[in-house]
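Peer 1: If you read the sequences in order, they're chains A and B.
In terms of the working numbering, the first sequence opens at residue 36 and continues consecutively.
In terms of the working numbering, the second sequence opens at residue 1442 and continues consecutively.
Just so you know, these hints were derived from the structure itself, not from any lab.
These numbers were taken from a predicted model, which means no experiment stands behind them.
Mixed in with the good hints there might be a few duds.
[Said to hold, decoys possible] Distance condition first, Cα-Cα at most 27 Å in a straight line; then the derived DSS-like pairs of lysine-lysine:
{"no.": "1", "chain 1": "A", "residue 1": "Lys129", "chain 2": "B", "residue 2": "Lys1574"}
{"no.": "2", "chain 1": "A", "residue 1": "Lys381", "chain 2": "B", "residue 2": "Lys1574"}
{"no.": "3", "chain 1": "A", "residue 1": "Lys383", "chain 2": "B", "residue 2": "Lys1574"}
{"no.": "4", "chain 1": "A", "residue 1": "Lys317", "chain 2": "A", "residue 2": "Lys86"}
{"no.": "5", "chain 1": "A", "residue 1": "Lys110", "chain 2": "B", "residue 2": "Lys1554"}
{"no.": "6", "chain 1": "B", "residue 1": "Lys1574", "chain 2": "A", "residue 2": "Lys110"}
{"no.": "7", "chain 1": "A", "residue 1": "Lys74", "chain 2": "B", "residue 2": "Lys1721"}
{"no.": "8", "chain 1": "A", "residue 1": "Lys154", "chain 2": "A", "residue 2": "Lys74"}
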Amino acid sequence: MDDMNRRDFIKGASVGTLGAFLASGGIASTFLRDRLIPKPAKPSVEIGELKSIHVKCITETSWFDNYVQQQDFKKAGGALVQQYDVKFSHTGVKEGFEGDNAGGYSALIEFEFMNGDRKKVLLDTGWNNKWMTKRFEEEGIDAMLRSGEIDTLIISHDHYDHYWGIQTTLQWKPDITLYIPDSFRKESYQLLSGADFPKPPISNTVPFKGELKKFALKKVHKIFPGVSLVAFDCPCGRGVFGEEVLVCNVAGKGLVTISGCCHMGLLSLLNFTKNNFIGGDKIYGVYGGVHISPYDNWNPANDDLVRSINNYHVEKLGVNHCTGYITVEKMIAAGVPVIKGTARNKTKRDLYLGNGDEIFF
Amino acid sequence: MKIENWTEKRKLAPRGGVFVAGLVDLILMLAVFMGIWYVFMDPRGILRMYTPMYGYAYVQWFLVSVLTVHFVFRLCPFQNSSFLTKTPPLIKGLLFSIVAAALMLLIVDGIFKIVLGNLAVPYFSEETLLSLKQNAFTAREYAHQAITMYGGITALFIPLWIIHLNNWPACEIHSYKGYLTSFFIIFALAGFGFLILFHPHMGVLFYPWQTWTAVVPWWEDYAQTLSGNFCLGGVMCWTAVMWIFNVTFEGYPFKKIKAQPWRALAGIFGTLLVAVIFFKVFLLLQDLVWGVPIRGSQLLMAVDWRYLHSGECAMFMLLIALVWGFYFDNWPRKYTFEANVLIRFVIICVLTFAFYVFYYRYNPEILGQQAGYSNPLQYPLAATSLIVALLLAHNWFFDLTPGYKVVNKDEFANSSEKQ
């Protein structure tokens, strides 16, 4: 082809620039986007109401030393190595429980229904059976399980720190009703039946004998009056997929979310609640881990969250566990109503609700 | 006789038809990729470097090194015609690949971790960050994230410099002096780009924000995120667009402009404009599938991830464009130029979509990654960048053997004898 002369070039460049500018502007234009992107449907999920919720944090310290835990993952090959293939540190950890770095996450939730009836359920069952047994005994969970006062265990997701302590619950109530997301790893089912995994190591010597209820992902499941389980199809890391979160409707106050780790993201959860639940325009409270900086690691996108959370006008944030201290410091600085704790039972700081602390909705 | 632009002068012919040759090469390259991935990267494999940033940094710089060895250094010091024509492609390719790997190690471990990380910018060195009380995980990820981002922008600047500025000043100084000067100019310009596009991200990556040493990300109001993924997505789109113009469109329309600086201006700003369009189209497609993202959300609904994913989509497209261009000889070629390009582009779009679906369906089984489109701990960019690096190396270093062979070796031998 022949060389272009300067006039042709300028003409071509001008036309090209104008065309590209218009194309780019057209693609981004509000006019086009408004017509192409479907509008969200009106909230339609009706779950009824309940009178109140009382949450007691049995343990939110899933591990006691961030550095040791991270070294364990680093040695195993990083955060993408699936959890049953990681050798965890269980001895010689100064900050650990009896030298073991493993702790666990578990909460006791008491629902008070509109007719005055009450129901207690456990959310998650932690990791280290010794630590979990100690905490369950200290908070009277062992007696509640033995007596049947607690007859339901909800596993938010099968991460090691939420699920591997299954033996702790089963030792007092092997026939407990178990709610799980239907995305459990095959190893997690094996653990429930009494398997032994030598590498982490983790085992369960009390096979499960109760009713297993699996909840399909991407659905809202009404489980009690005013209480639903929402199963999200989100990647959780360490080879785990899918997490279920409780969304409840407290009469006169608004909606309350209770999560294990909230791997789907706090604002995704709040938006889902807002867009799908009748009454979603008023989200009253949040409890649980909301997975932002579990190792006090950071990402500038987390600042986006901190800067946006107040737009949801949540009145009570009982966040802890994988939320991370850095996040909570930033939230407090931004005026987010985070509920403080008492820093006892091996929770290090009083910035958020720790082991043995309670919150009422 | 010295050959400075071997890959432009050699003539390749397929063994047994373009599609058979292309398939053989593609399968072989993917087998090599799987082997490398399993040994170095796979979370179920041997070295498990895909943490993800640790392994990704090396992949990114291997890609840059392949570009450098071929594009910037013009295969120097192995430009002798008898070496290039008589050495078996496998030996020659292995030699160039080793040189590229050595360059990668020199840059990542030498320039970044030892020199810059100790004497200039702590976040380029995992060890320095550890000594400053960053924890084990973040020290490794942050340091390698910074190194990767620098590599990302270098991988953009090299073809920009070579294709549109003709590798100045090496185009005038035909020796290692010229190549080194070009390399340092590109590396310095990439540093300038890094300072503007990614250093602000690193500034707010730490707690508290390092606002004394890095500005608060200037793109925040426009992009609705503080994350550098906005810039990374843009850089990836620009890189992909530049290669698509160069390979799929055979360098047109910019190739028509011979005079500088018009060619450079048209090439640089023209591809930038098209990259902006690509970026916006990919964002719009995501909005259509997943809804409008919300600032502060995570995973699929995160604003910053959507930008990153636009870049990832562009890389998928680049990969397919290179496969089609290198292995399948940019089929078709028999119609008018415009028709050829249009058909090719449609094929690339369709194959990109198919590859995208395949990748997200099977990557947990094949690559050992987590299921799901969005995961804060992994990026398809690492795998796609490694495939792109291997594709380029296969073409430039191994002469696309065994699917293709060089058929004009005698021309060089004859001219060498005449000299």
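Peer 1: Evaluate each hint against the coordinates.
Peer 2: Results for each hint:
1. A:Lys129 to B:Lys1574: 18 Å, holds
2. A:Lys381 to B:Lys1574: Within the cut-off at roughly 23 Å; holds.
3. A:Lys383 to B:Lys1574: The hint holds at about 19 Å.
4. A:Lys317 to A:Lys86: Holds, at about 16 Å.
5. A:Lys110 to B:Lys1554: This hinted pair holds, its Cα atoms lying about 20 Å apart.
6. B:Lys1574 to A:Lys110: Within the cut-off at roughly 19 Å; holds.
7. A:Lys74 to B:Lys1721: Holds, because 20 Å separates the two Cα atoms, which is no more than 27 Å.
8. A:Lys154 to A:Lys74: 38 Å, violated
Violated hint: 8 only; the structure is consistent with all others.
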